[in-house]
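Undergrad: Protein sequences appear in the order of chains A and V. According to the working numbering, the stretch in the first sequence is residues 1 to 117, in order. According to the working numbering, the stretch in the second sequence is residues 118 to 228, in order.
Because the hints were derived from the structure by calculation, they are not lab data. Be aware that one or more of the hints could be misleading.
To be verified - The list that follows gives simulated cross-link-like pairs (lysine-lysine, DSSO-like), each with its CA atoms no further than 27 Å apart:
| hint | chain 1 | residue 1 | chain 2 | residue 2 |
| --- | --- | --- | --- | --- |
| 1 | A | K41 | V | K159 |
| 2 | A | K14 | A | K66 |
| 3 | V | K188 | A | K41 |
| 4 | A | K20 | A | K41 |
| 5 | A | K20 | V | K159 |
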Amino acid sequence: GAVVSQHPSWVICKSGTSVKIECRSLDFQATTMFWYRQFPKQSLMLMATSNEGSKATYEQGVEKDKFLINHASLTLSTLTVTSAHPEDSSFYICSARVRGPGANVLTFGAGSRLTVL
Amino acid sequence: GESVGLHLPTLSVQEGDNSIINCAYSNSASDYFIWYKQESGKGPQFIIDIRSNMDKRQGQRVTVLLNKTVKHLSLQIAATQPGDSAVYFCAERWTGNQFYFGTGTSLTVIP
Numbered sequence: 001g002a003v004v005s006q007h008p009s010w011v012i013c014k015s016g017t018s019v020k021i022e023c024r025s026l027d028f029q030a031t032t033m034f035w036y037r038q039f040p041k042q043s044l045m046l047m048a049t050s051n052e053g054s055k056a057t058y059e060q061g062v063e064k065d066k067f068l069i070n071h072a073s074l075t076l077s078t079l080t081v082t083s084a085h086p087e088d089s090s091f092y093i094c095s096a097r098v099r100g101p102g103a104n105v106l107t108f109g110a111g112s113r114l115t116v117l
Numbered sequence: 118g119e120s121v122g123l124h125l126p127t128l129s130v131q132e133g134d135n136s137i138i139n140c141a142y143s144n145s146a147s148d149y150f151i152w153y154k155q156e157s158g159k160g161p162q163f164i165i166d167i168r169s170n171m172d173k174r175q176g177q178r179v180t181v182l183l184n185k186t187v188k189h190l191s192l193q194i195a196a197t198q199p200g201d202s203a204v205y206f207c208a209e210r211w212t213g214n215q216f217y218f219g220t221g222t223s224l225t226v227i228p
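Looking at chain A on its own, in the form it has when it is part of the complex (with noise of 0.2 Å):
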C-alpha cells in the first residue's frame, strides 16, 4: 500500500532556530501534497497545499514566511519553521493523496512532533 514517510518523527529545538520536516511519498508520485498542524487534544489544521513544481498554497492565517514549503520533486514536500518559537510547538503531518478507485484517498506520514524550548 502507499506510504508516506515524515522524517525527523520527533525534533527539540531552541528558539530562534529554524527545523525542517521532510515528508516523502515511498512508493508513489504525489504531484500534492498537504501539511497539517495538530495542537494536542485538538483536530488536524489544514495549513498549505504543497504542489510539485509551483508554490504552495497556504491556508488563510497561515504565515507563509514563517512555514516554508517546498514541492521540489514528485516525492517529497519539505515544511521549514523558520525562527521557532515555543508557540510553534505541535505535532506536523503531512499527507499525499493516493489515486484509487473513482476517489482519492489521503494518506498519512506519521507525523513530526516539534517541541520548541
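Please build the complex by placing chain V on the supplied structure of chain A, with the hints as guidance.
TA: Below, chain V without anything else, positioned relative to chain A:
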C-alpha cells in the same frame, strides 16, 4: 453508545457494544468524505470513505452513513474492541481538493 460530535468529544463504550460516532461537516459542496482513526502520537489512518452520491457504505465492522440534507456523517463500529480506542475524525473534501477535518471524538472502550 452515541456521540454528538462537536458537543460530546468523548465517548465510552463497553467492549462488544456498538459505537456510533457523529460528525457535522461544513461545506454543502463537499463531494467526498473519509473517516480516520488516530492513535496517540501517530498520524491518522484511513478507515472508510463515502462519496456524496451515496448515503451508506459498509466495511469490515464499520458502516458510514451520510445525510447531505443536514450535513451529517456517522461512523458505526460493530462489536467494539479495545483496539478501537482512539480519536476518530471525519474529513470532507472541498472543491479545491483540500480535506478539512472535524473536531474529532475520543473513543474509549471499556474491557
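Undergrad: Going through the earlier hints one by one, which of them does the structure break, listed in rising order?
TA: none
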